[in-house]
Structure formats: structure tokens, C-alpha cells
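Q: Chains as they are written, first to last, in my numbering: chain W, 1 to 280; chain X, 1001 to 1280; chain Z, 2001 to 2280; chain F, 3001 to 3280; chain Y, 4001 to 4280; chain E, 5001 to 5280.
Please keep in mind that the hints were generated in silico from the structure rather than gathered at the bench.
Even glycine gets a Cβ: it sits at the ideal position worked out from N, Cα and C.
Worth double-checking, as some hints may not be accurate.
Reference excerpt, derived from the structure (chain E facing chain Y, CB under 10 Å, subset only) [stated by the list, open to error]:
1) Leu5012
2) Ile5030
3) Leu5135
4) Cys5277
5) Lys5278
Derived lysine-lysine pairs resembling BS3-like cross-links, with alpha carbons at most 30 Å apart [claimed, not checked]:
6) W:Lys231 - Z:Lys2231
7) Y:Lys4087 - E:Lys5183
8) Y:Lys4121 - E:Lys5271
9) E:Lys5173 - Y:Lys4059
10) E:Lys5271 - E:Lys5121
11) Z:Lys2278 - F:Lys3173
12) E:Lys5278 - Y:Lys4173
13) Y:Lys4077 - E:Lys5271
Ranges between beta-carbon positions, derived for each pair [what the hints assert, rightly or not]:
14) Y:Pro4074 - Z:Gln2085: 34 to 44 Å
15) X:Lys1278 - Z:Ser2033: 42 to 52 Å
16) Z:Gln2085 - F:Leu3247: 35 to 45 Å
17) Y:Cys4083 - E:Glu5200: 28 to 38 Å
18) X:Lys1165 - F:Glu3070: 49 to 59 Å
Each chain is listed here by its residues.
Number of protein chains: 6
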Amino acid sequence: MDLLPEWLDQSLLSWLREDIPYLDPAGIVIDSSHHMTAVARAKASGIIAGLPVAERVYKLLGIHFSTDLEDGDPVTKGTEIYCVQGKASKILRAERLSLNLLTHLSGIATITRRATEILEKQGVRTRVAATRKTLPGLRNLQKYAVIIGGGYPHRFGLSEVVMLKDNHLRLLKNLQQAINQIKSRMGPFVPVEVEASNLEDARIAANAGADIIMLDNFGSALAKNAAMVLKEEFPSLTIEVSGNITLENLQEYAHNSIDYISMGSLTHSAKSLDISCKFE
Amino acid sequence: MDLLPEWLDQSLLSWLREDIPYLDPAGIVIDSSHHMTAVARAKASGIIAGLPVAERVYKLLGIHFSTDLEDGDPVTKGTEIYCVQGKASKILRAERLSLNLLTHLSGIATITRRATEILEKQGVRTRVAATRKTLPGLRNLQKYAVIIGGGYPHRFGLSEVVMLKDNHLRLLKNLQQAINQIKSRMGPFVPVEVEASNLEDARIAANAGADIIMLDNFGSALAKNAAMVLKEEFPSLTIEVSGNITLENLQEYAHNSIDYISMGSLTHSAKSLDISCKFE
Amino acid sequence: MDLLPEWLDQSLLSWLREDIPYLDPAGIVIDSSHHMTAVARAKASGIIAGLPVAERVYKLLGIHFSTDLEDGDPVTKGTEIYCVQGKASKILRAERLSLNLLTHLSGIATITRRATEILEKQGVRTRVAATRKTLPGLRNLQKYAVIIGGGYPHRFGLSEVVMLKDNHLRLLKNLQQAINQIKSRMGPFVPVEVEASNLEDARIAANAGADIIMLDNFGSALAKNAAMVLKEEFPSLTIEVSGNITLENLQEYAHNSIDYISMGSLTHSAKSLDISCKFE
Amino acid sequence: MDLLPEWLDQSLLSWLREDIPYLDPAGIVIDSSHHMTAVARAKASGIIAGLPVAERVYKLLGIHFSTDLEDGDPVTKGTEIYCVQGKASKILRAERLSLNLLTHLSGIATITRRATEILEKQGVRTRVAATRKTLPGLRNLQKYAVIIGGGYPHRFGLSEVVMLKDNHLRLLKNLQQAINQIKSRMGPFVPVEVEASNLEDARIAANAGADIIMLDNFGSALAKNAAMVLKEEFPSLTIEVSGNITLENLQEYAHNSIDYISMGSLTHSAKSLDISCKFE
Amino acid sequence: MDLLPEWLDQSLLSWLREDIPYLDPAGIVIDSSHHMTAVARAKASGIIAGLPVAERVYKLLGIHFSTDLEDGDPVTKGTEIYCVQGKASKILRAERLSLNLLTHLSGIATITRRATEILEKQGVRTRVAATRKTLPGLRNLQKYAVIIGGGYPHRFGLSEVVMLKDNHLRLLKNLQQAINQIKSRMGPFVPVEVEASNLEDARIAANAGADIIMLDNFGSALAKNAAMVLKEEFPSLTIEVSGNITLENLQEYAHNSIDYISMGSLTHSAKSLDISCKFE
Amino acid sequence: MDLLPEWLDQSLLSWLREDIPYLDPAGIVIDSSHHMTAVARAKASGIIAGLPVAERVYKLLGIHFSTDLEDGDPVTKGTEIYCVQGKASKILRAERLSLNLLTHLSGIATITRRATEILEKQGVRTRVAATRKTLPGLRNLQKYAVIIGGGYPHRFGLSEVVMLKDNHLRLLKNLQQAINQIKSRMGPFVPVEVEASNLEDARIAANAGADIIMLDNFGSALAKNAAMVLKEEFPSLTIEVSGNITLENLQEYAHNSIDYISMGSLTHSAKSLDISCKFE
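Make a model of the complete structure from these sequences and hints.
A: Right under this line is the structure:
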């Protein structure tokens, strides 16, 4: 999968600048002509994500990068993640940024995979999805890691999907008219999702033309029931469930009428996957 | 405390762009002339951090922001965090970025405060500190949140402190000469820290002129003992302890000979503090 | 409608820089303390688009801007478009950029409105749509102008809609599998559109799960017929028609089975609407 | 001719970002290891301009680019414009930006060439010139295309030439003093042009020291007469004619006393030259 | 004079970032609610330049700025340059950048004024001019300071004036043809200057159509003689003299046939004018 | 020494843009296919600094760069500094930026070396140091040149060292409390320096916990005496001396109790080292 845009290099350079705003005084004693090999290894089990990003960091500093893995591969303690060869001073300078990205993205992929497996074990088609609760500047990479982990990225921003949430709904006099206006202006490319806090509101929204209904904070029993009722009435409707869903209670929401369950914690609270890089 | 630089606005604008790369189609139905009030409330307990950042996000969109809190204040479920007033379409557009920042930074401050309290209960002067294991683009804000939580920020990047870690040490023939070279070039403004994996190496590094010794992966008993020995021999030496230290085993490391304990998890794996914002 | 993102100011500043890379030597003789009023008037008939953009240009230079119009309003020769008041040197400096944007966007809105009216006169629900054939750096503004003119913006970029065109199709062994893979990864947020050069291919694509079929270069008779056949077989399918469609032959394509007709010329070859700005 | 600056790559990257603000989901199904050859061909007749720009877009994505043409060459329907070889996913990603630039710039070069030929047929030295009515962010490329088409670029911005237009003149008490002040400050590097709406004003401006007089909206007969009179009186004066001049009436303005005729339509309303790119 | 472009604020922000890449720890102890007044005073004699730049720095931090001076005014030790009022923490943060700019630009204006006066005392029309030997990122401000000091800015960059120097001339087979090509492409807006190392070459260049001849390293006697000869032969030719000209030998070059004398030292080696800012 | 960060290329590109905001019209006559060799030679004696920066400028334009020198090497009139080979048009375009950087940085290194030698001749350990009086945008390069010349860079910005100067001290009620607060928040990584205008204040500051005392404007006799007294009382204290110290009076300040002498003139008023580059 070649999903990452070319302009990522601009972000990587600005993140390298964050680490060295002025000079790198370690360069006083680290001979840049010294060629070395370094190997990164997992220090815990998980799903790797971000290898092409780490590779680009090293490439920006002229370091050769190789790996036998692909994003999405499982790793365990000791698995060799990648091997880099080049000038010692450059390897040392690229190390932290590449690891900070790789450990963070792998952490997201790992928890997403775990959530995905919980649902798969229930034998349902329900999927997990990320939210817009991402860390600023990292949204496309975090969503990428969710995809690698087997989750849906959900909308990336406000431009491509309109979601009418509780705050929006308080401002709208007529939901149907609002949805019509959006579709009349934007055409079929911008799906409209509506948040509902009870079945009745969900039904109103579906009737008003919503493409997706988000059942917010229904609890598992009501969510499953509402999803079933809605799917029967509106077969082409997409059903999202959200609100206080964790790895612990996720399986209670598994149901074929629920298309996906969104969890902000995939991106805003993921534990990083420990990886270290040592000269060989 | 007025620590945040003015250029932060440039980052905020680029993060707003991440959320709306093109247009905001919700603006088709949300009347920008509609003036509203919205209130953000904590949905869990913790330490608030990032209020001046959230305020700037709203200001960039012309929204009035007020709060009775200051960064570092404790909040519990239901505490009003801030109140904003202005055009409805602008409030909705600023909401996610300001919350993404505030919940993340508060999550960091909260776990840092917890770690700080664990050490304080032991009645020692030992402190916790962050590392360079931060999320790209967010380092100064993450370190800021650590400061708010009562931790030390540790070095912000490679430019202001030289840390000679295991990978560096493998490349150096003569540690003392290396430290001398750095100090001779950079003067007294750039502290030199050396990582040591046993007491003997620590002593060599201290003799070589290191300002700070980082005892890496010593375990609590050996770390405390080594710190004591070193402090006796080198009273002005700063002692850092690091390696697999968690909230669970942190108290074992509390000791007056240890200046601070660095924990990457403060910044790379912090759980965000849940806060939501609703129109009143 | 408040659709334009806040970061637009960064583009505007960089465009002001394009006009004054160094200094503005006219400032030697134009007294900045001289306050003036200037009025912009249409020199031809058309649909105005871009007023909020022009307003922002002036605001960046501290100039007061007022208008009785809204984007989408028709203007004729002599209509007052806007009035600005402020320092003469600043008005002169903002004039060209604001007019370059306003005349270009109004030109796009004008031709889009004309196309829209041609279809409306046929009494069909068919709409016109833009393409990705936009001028670099101006895509969101050009698409905005198309929306103002009554057209659909179509996809803004590669991230939010996958369109499998002839070049893609040559690379895919199995269209159905490809569509499944995309939907399995991206979920229901990323519509998949497939280009077809004949009815048989269109049917294959629809069966494979395409959300939108683009009938490319069918000519009007075949396009209408294919659209009818497809809509009957796949009622929820969206039908786009494209290829050598101009204002002259547009009406031949009007048909209720065709959802929209995309025309690159709306954005890549629009004639600008003449507007000038004079001190009063 | 090697006129294009190296920093153009920064603009190209930001334009690639405009097309892929997040990820490229087509990469899910397009194998990046698939190497392909694609050929771009003209679908209409015109003058090609922008080949080095298109080449740079492809180079940024690691694609090999070759062409037998040079900017300024005429093409007709079917002419091979360029051939690219590389990873399929990268070719697809670079295609739209490179074509958007190439078709737009070639459109400008084509109309400029047509205007140039109209004047050449009259056997005069009069030339066409562009204006500052360019599309924001594209000025240097648009002016470049005008040069390729045989026109003068005219001033690129406010910094290098002072043009005192009707709005300026209303603010100046003494034209001669104003011109003297500018020349006294800026030296001989900044030509001063003055707009005149009748022969008397033109003569005053020439006497005041203007290097260039722009005869604005004189109509062809008066313009030619005024140019002749002025050239006789002020032999070293440069004469520009402007105002409602189109390809249709351009030949009426051909006259050896007129140095050049500026036409905003060259850059603000050029029809793009149709070019498409297909895998071979 | 209002010469400075609006985008300067972007440079100022990036320069503020250079001073505070992360946080401002002085803000821990400096109360931002503390309002103060600070006054900047000259500590030496010279010509002030850059007041509008300093003002913008303070404005970016919300500080009120006032001054009785204008750029170009002479100051002596103790002269009050400006007064600022606002939050103490912000004044302290803006101080260094505004002074670094003001002292540098005033240094340039001061030496330029001195050079200008040397020539004025000789009663000739000869002027001094800057070169492209400027400090990267500061060219427009440095040239601005030269203008303030009474010098010509000379060309700001490669885009607006072509200067054919010794290195260029070695590559050209036919100077006249080269000049014709440039003028035929660029029109009358781009003056062509040719460097000459002896009178014969200067004459060839003038005959070839050069607008400006730069007599390089002629020494004062030969330079004056060559200028006289050339002016007689080519009355509209502009004559620049350059090469090892200092304040010490400048007066030897004063001659009415020499239009201006360019000195790189005005911008690459100017001594800054000492100014300090203290709380009152 | 490999001290320079990778993101420097972004600054270099923006500085190339400063020189060519639009197009490079010299490219009309300079054949880009013409390969040439050019050699840069010193035209005066000094210390070279900035070779890796110059090399990067050329590399950005695809030009091969070679040199026998290293930063810090002495050069005299005629010494070959570097040799470049590549396309003539690119060499000409890179020349000015690379020389502007190299001559400026070498000028700084040269004066720093001179100052360093003055102190070395006195047989003391006192060193010279730069200040924050640098030219905006060039701080890390200017400090780099000071390091090359043998001086200390001093703090690079506000983030890594707190210096409490006269203006700060006026705002603080209790110096000890202020220093404690900073250290309690920032830990041992942020040294605190205090400016003192007499010995008594210096002693108070040292007692309050300052790591560095800056003796400001003491004159040489008082400075040396104060330094001696303070060093005796506070052996680990670092002593900086500053204020009106020039190459002329520098030797009077040489004293083993003074750690370093800071001189703003190293960076704000350095005379550039003359270097020229010619085609061979």
C-alpha cells in the first residue's frame, strides 16, 4: 500500500527542526565520516505501522534503510524492525524522530488490531473506526495507523463529510431542509452524518436523508436494538455507534446491524509500542 | 506563567488547515451570524493544562474566551473549564482543535502530577522528568504540560544539552577528551550528560567531566545505591535515573540522591483527559 | 454561507508577497496618512463570487470593506460591488490581489450559472460539476465559485473519493476485488467512482460495487441511454457524464437519469468577469 | 532557456498537498512496484509551454521524464508531448498537477503566440504584453508562458516598476515632483510608468520624466496618433497601449510608434490547451 | 514613506521563533499582568532606520509603540528613539528582535548617509548604491536602510535587472546578440547592465545596447576619465563604478559623469548603531 | 564537525527565492547545457567558516563542490577556497548566496579568532563569547561561525538559558525566590544567569543561586577584581564580563577568574571576508 503523500517530507523536515532548532553539538565528537550499522528491535509485542515514514526520515539524512517487514506485520520482543546504514552522526540525528513516529503509529495499530480482533471473534461484520480526536499535525499518519490496524479511518476532516452533532442540531430549525441544502450544494460526494441520542431522533434523521446515523451514548443493548430497527427500516443506512466504548466493553456492541464503532481512544490515548535502535 | 511563544499561532493555523483542507460545508446550514455561548466541562478528574493554547485557537476565529481556571488547577467531572461566546459557525470550527490540544495536554499534566505526588509522599526531593520521546510537532506543548504537572521538562532537543548515550559511547575512543572538546567549543551553556549502564561507567563519566549521569536500567536498588555512591564522590553531579519506570514502581526509586527520574510515558503514552464542549 | 477556512489568510499573505517581493516604491509618493474611499464596479454582467475573499485581503491591510451584495448575486455593468475606506497606500496595494481573485472567481460562477440554467431550462434534475482540472493553489476557491454558481464541486482531491480511471483500470486485474479492498480499508466514507467507456464496462463496474459511474465520451445519445439502463438496473447508482461537453452541447445531455455532467472548462478556462476599482 | 527558479519545487510540493491533503487511498489497489510508461499527447493545436515545470513534478515523485519538444514548439492533435516511466502509483499521483500546469501555461502561450502573429503580419515592431491581472500564486509561471508565446511579461510586481495609474494620479499634487522623488530614491533601476487618458496628460507625464506612458482606452485611431506625436516629441519614451484590446481588434493597434499592447486576457482568461496522458 | 510589505509580519514571527524555539522560561517569574513602560535611547550618533519594523515587532506582541522620530532622522547619544507600553513579559520578549533589526538597519543608514555626504560635499550628482552582497533573508530591509540613508538600492535580485558580469561574458559569444535576445524577450522593463574592466570593453557594451555600464576596478582616475568619454559618446548611458571603494577613497570618485558608486560594504559590513531599551 | 541541521536547506531555498522572486532572465543567454568550472579565492586574510553551508547551496542546484579546506582554516589573499563544476547557469545562480554566507561567516570567524588570540597571548583561560545581538534569521549560522573562530556561542535563545537582566531585575521583588521558582520548574537543564552592575549585586545574585553572573560595564580593573572575589567566594560560579569591550581593550580583561567576555560586535558588526568566484 502506497498511501502516504510526497509532501510528508516537509513535515519531517520541520520535525527534525523541532529537535535541532540551532546546531547539533554532539557533532563535535561524532565523526560524520564514521559509517555504522544500526538495528531497531521491538521491545514488546504489537503491530508495526509507520515503516515507510521511518524510512523517509532516514532517507532525508542520506541513510540506507532496509526491512523485512511491512506495515501491519506482528512483532514480538526482539523482532528486528529495520536496519540502517550510513554516517554515524546522521543515524544518531534521525533516530529519535523515526522512533517517535514508529512507536506511536505502531501503538495505534496495535490497539486498533486488538479492537478489530475482539469484534472478529464475535463473528460480526462490525468494525472499529477512528474519530477526529487526533493529535494536531498527525491526523493523516494516525488515521493511516488505524487503517493498518484494521480499523476505518472515518472522516479525516470537516471538508469531506458533514456531521451534524448535538451542537449543530441545536442551531437547525429543520433537519430535512438542512440536509437537502447540503446535498443540493455539495452533491453526492459529501456524505451527511447525524448524531442521535435516541431512536426517535435517529429515525427522524434517517428520514431527513442522513447517509449515516451515529448512535451516541446508547449503551450496548439500546444501540444494538436501535441499529436493528433502523437497518430494517432504512436498509442502505450506515450505522455508527459511539460513546464510552473501550476494549473492555467493545464486544457487547458487536452486531451485524452496527457498521462500525468509533473510538477516540485509538488516536488520543494510544500507548506507544516500545522499539529501540542500537549500533551493531 | 507566560511561557508560550507568539509563533504558536502559526502552528494553530496549520492545524486548523489539517481539519479543513478545502471548505467547511457545514457552513451551508450553520448561520455565521448566529451568536452562541458554549461551555466546556470536564468529564473526568485531572489537572488542566493548555488553557492559553485553547484560548488562542478561539481568538484566531474571533471568539471570546473566558475561564476561572489556571493551568495546573485540578478539575473533576462537571467542572466548568471555559466558556466561549461568538459566531456559532466559528465556535464549531474551533472546538475540535482546542479540545484535542486541551485534553491531550491535560492528560500529560494529570499523569505527571500523579507521578510527582508519588514521589512527594516519599518525602524526597526526587522529581520526575520528561524525555525526547514526544510526539512530532508537539514537543514544546508536551513539555509545557509536564512543567504544569510538576515535572521537569528535561532537554527540549539536541541543541541545548549533549547526551552521550550507548550508541554515542560506542563511537568515542576517549570519553574525557570528548567531553572536553564539547565544553571547549560550547562553553558552560551546554551541559553534558552521559548514560551509564553500571556504577563503574558512571564513575568514569563523572570523572570525565559529565554534568549529569543517567543511570539506565539499573533497577531501583542498584540505582539508589549508585546514586548515593556517586553523590558522595561527586557532590555537584546531577543524577538521572531512567528505564522501565512506571507509576507502579516509581516509589521504589524515590531517594534524595536521585535528582530526577525520566519517564517517556509522560509524553508518548499519556491518556487524554476527557472534556466536552456544549452550547448552553 | 460561511465555507471558507481561516488559514486562507496565509495564502493571501503569500499572494501579497508575490506582488511585492521586496518594497513598494509607490509608497515614496503615496501618503499613507491619506484616507480615501474607493468603489469597485462591475464592467460586465455576471454572477459575483469571492466577496468574503476580497474582504479578507482588505482586512489584512487594515481597510474597511462594505458591500450590499452576497456571493451568487447577479451584477450588470455599473453595479457597485464593494466600497473600501482606509489609507490610500494600503488600498492601492490590496487592489490588484482582491480584484484578481474576485474577477476570476466571479468568472467561474458566471459560467457555472449559465451551464446550470441551460439544464434547468430542460426541466431535469441533472447538474453540472467541476473536476480536478483546477489551477494549482486555487482549488478550494475555484470549487467554491462553482458551488456559488450552482454547480457541484465534485471531489476536491485524491484523499476523499477514489476514482478509477482508464489508467487505473489497466493496472487492475480484478475490479470487484479492488473496490472491495478499498471499501474494506476506508469504510463508507470514501465513495468509489469508476470511469467507463461503454455500457458493458459501466455495468461491470456497478456490479463490482462502484458508487458512481462516469460515462466518459459517450456522446449525448449513448450517454442518456446508458444512464437510463443503469439507473433501472442499479437505482442507487450515481451517474456522471463527462467528455467534450461545452455550453453549446450541454443541453443535449440533460436527462433525469444523469446526475451530473462534469466540465473541466468551468475551472481551467473560465473567462474572468471584468470589475474595476476607483477612488471616489 | 533556463529561467525557472529552484524554489519552484516548494510550490510544487504544496500543490501536490492540495491534491492529497491526507492519504491517497487509490494506493490500496495500485501496486507501487508496478513500473509503467505513460505518454502525454496534445488533443488540440497550440504552443507548448511548461515542459520544465511538468518535468519537475514528475522528478519530485521519482519518475523519469523525457520529451523531444521544447517550450515554444507548436503541437497539433496527437503530437507526443512527453513520456514518463516509473512506478504506476507515482505516475498517477503526478499526472493531474503536471497536466494542470502544462495545459494552462500552454493555453497562455498559445493565445500569446496568436496575438504576436497578428501583429507580425502587420509588419510592425509592436508587441503584446501581459499585465498584473494574473492568477494568485501563478504569476511567474504565467509570465513565463507569455514570454514563451512571444509576448513581453511586463512588470512582475510592484517592487520593480512604479506605475502611476488613475487612482495614484488623483492623490498626487505634482506629477513631476513625484517622479523626481521616486527616481531620486530608487535610482535608474525602477522605471516609472504613467497612465494617461488623453494626449495632453500623456505629454505632461512625458515631460515630468516618465519612462513609459500607458495610453489607456484611447481606441485604436487615437492611440496610434498619440503614439506618433509622443514618439516624435520624446524619442526615447516607451509607449504602451491598453484597454479593451482583444484578438479581434488587436491588428488595428499595430503601429511602429506603439511599443507594446498589454492585454490582461492573456493571463486571466486563457483557454487551456487540451493534453491527456495515458499508459502505453 | 510606506514602503514595507505586509508579509513582513511572517518574517518577524519566524525571527521571534528563532529566539524562542520552545518556551520562554523567564515567563515563570515575570508577571505578564505587570504593565510597564520602556524607552529606547541611542547610545551613539547616527541615522535611524527601521522604526516601522520595530513597531511591527511590538505590535505582534500587543505592545503600544510611539516615537517622535521618522526613519532618516539623525540621533545622538541619549536621543529617545521610541517608547513602548504593555505587558512586561511581552516587552522583554520583543526587545531583542526589535533592537537587532533597528540597530542593524540604522548602522546601514548611518554609513550610507556618511558616504552620501562625502559625495555631496564634492558638489556632484554622483550617488552611492548598494549591491547584492546582502545578508540572506534581510535584503529588502537592508536595501530599505540604504534608501533611508540616501543611497540607491540598486537591483534587489536577479529577476528585475540583468547584469552581465565577467563570468557571464566568458560564456557569451556575441554580446550584442545576447543583449538583443534579452530585450526581445523581456521588453523595456528589464534593464541590462554590463561589467567592463577597461574602456574599450565598456564602449563595446554600450554599442551593444547595454543600459548601464559598470566600470569595475578602474581606480579613480581611469574611472572618471572613462565615464566622461562614455557619457559624451552615449549620453543616455548610466555609469556605475565599483571595486574597492571605501569611505576613505570615495571622494576621489566623485564626478558628474559617474551616476553612482556601488559599495558592498554598505550592507555586508556595516557597524550597527548602538541603541538600548530600559524600563522607565 | 557536523553541527549543521538538515532543515538548513529550507532556509537556503527561501534565500534563493529572495534573489529570484520570479524568473532568472539571464537564463535567456546563458546556456544551461554549458558545463563550467569555477574557483573561489580569498581576496584577504582570515579564517574560513561556512564551507558546508556553501556546499549545500551548490548541491541544491546540482553542482559538484570540492575543497581542500575545513572550517577554521586560515586563508590569505589568493588561497583557493573551493572549486565547483556544473551547469554554467546554475553556478551563476548559486554564486551570490553561497558567497554572501561564506564571506559573512568567515568575517565572524576571523574577528572571533583575533579576539581569541588576544586572550591566548595573555596566557589566561578567559574566552570570548557571542551574544543574542545577532542578525535575524542567521543566529545559528552566526553562532556556528563564532564556534569555528574559537569563541563560545553563549545562549542561542531564550528557551535554554534564563538571563535576568536589569529590566527583569526591576520587576522581581525577590531574586532568590525567582531563581528558585525557575529551577524548581525547569530543573538543572536551564542555567540561570544574572546581570550585575556592582560587586554587591553580584554577590547577592550568587548567593541567590545564579549559575552565571554577568558583570556589566565594570571596566577592566573592577571586573577583574570582582571576578577574583566572586570566584574565591563561589568557586563553581561562572563569570561573564560584558559592556563596551572591543578588540582594542580586550586584553585588559584577560584574567583567569573571568570565564568569558561577551562581545555583541562579533555578530552584529563583523566585517565580511572578501572572497570572489571566477570561471576558470
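Q: Confirm or reject each hint.
A: Status of the hints after comparison with the structure:
| no. | hint | in the structure |
| --- | --- | --- |
| 1 | Leu5012 | holds (8 Å) |
| 2 | Ile5030 | holds (6 Å) |
| 3 | Leu5135 | holds (6 Å) |
| 4 | Cys5277 | holds (8 Å) |
| 5 | Lys5278 | holds (6 Å) |
| 6 | W:Lys231 - Z:Lys2231 | holds (23 Å) |
| 7 | Y:Lys4087 - E:Lys5183 | holds (23 Å) |
| 8 | Y:Lys4121 - E:Lys5271 | holds (27 Å) |
| 9 | E:Lys5173 - Y:Lys4059 | holds (28 Å) |
| 10 | E:Lys5271 - E:Lys5121 | holds (23 Å) |
| 11 | Z:Lys2278 - F:Lys3173 | holds (18 Å) |
| 12 | E:Lys5278 - Y:Lys4173 | holds (18 Å) |
| 13 | Y:Lys4077 - E:Lys5271 | holds (24 Å) |
| 14 | Y:Pro4074 - Z:Gln2085: 34 to 44 Å | holds (36 Å) |
| 15 | X:Lys1278 - Z:Ser2033: 42 to 52 Å | holds (48 Å) |
| 16 | Z:Gln2085 - F:Leu3247: 35 to 45 Å | holds (38 Å) |
| 17 | Y:Cys4083 - E:Glu5200: 28 to 38 Å | holds (31 Å) |
| 18 | X:Lys1165 - F:Glu3070: 49 to 59 Å | holds (55 Å) |
Figure legend: structure checked against the earlier numbered hints; every hint is met.
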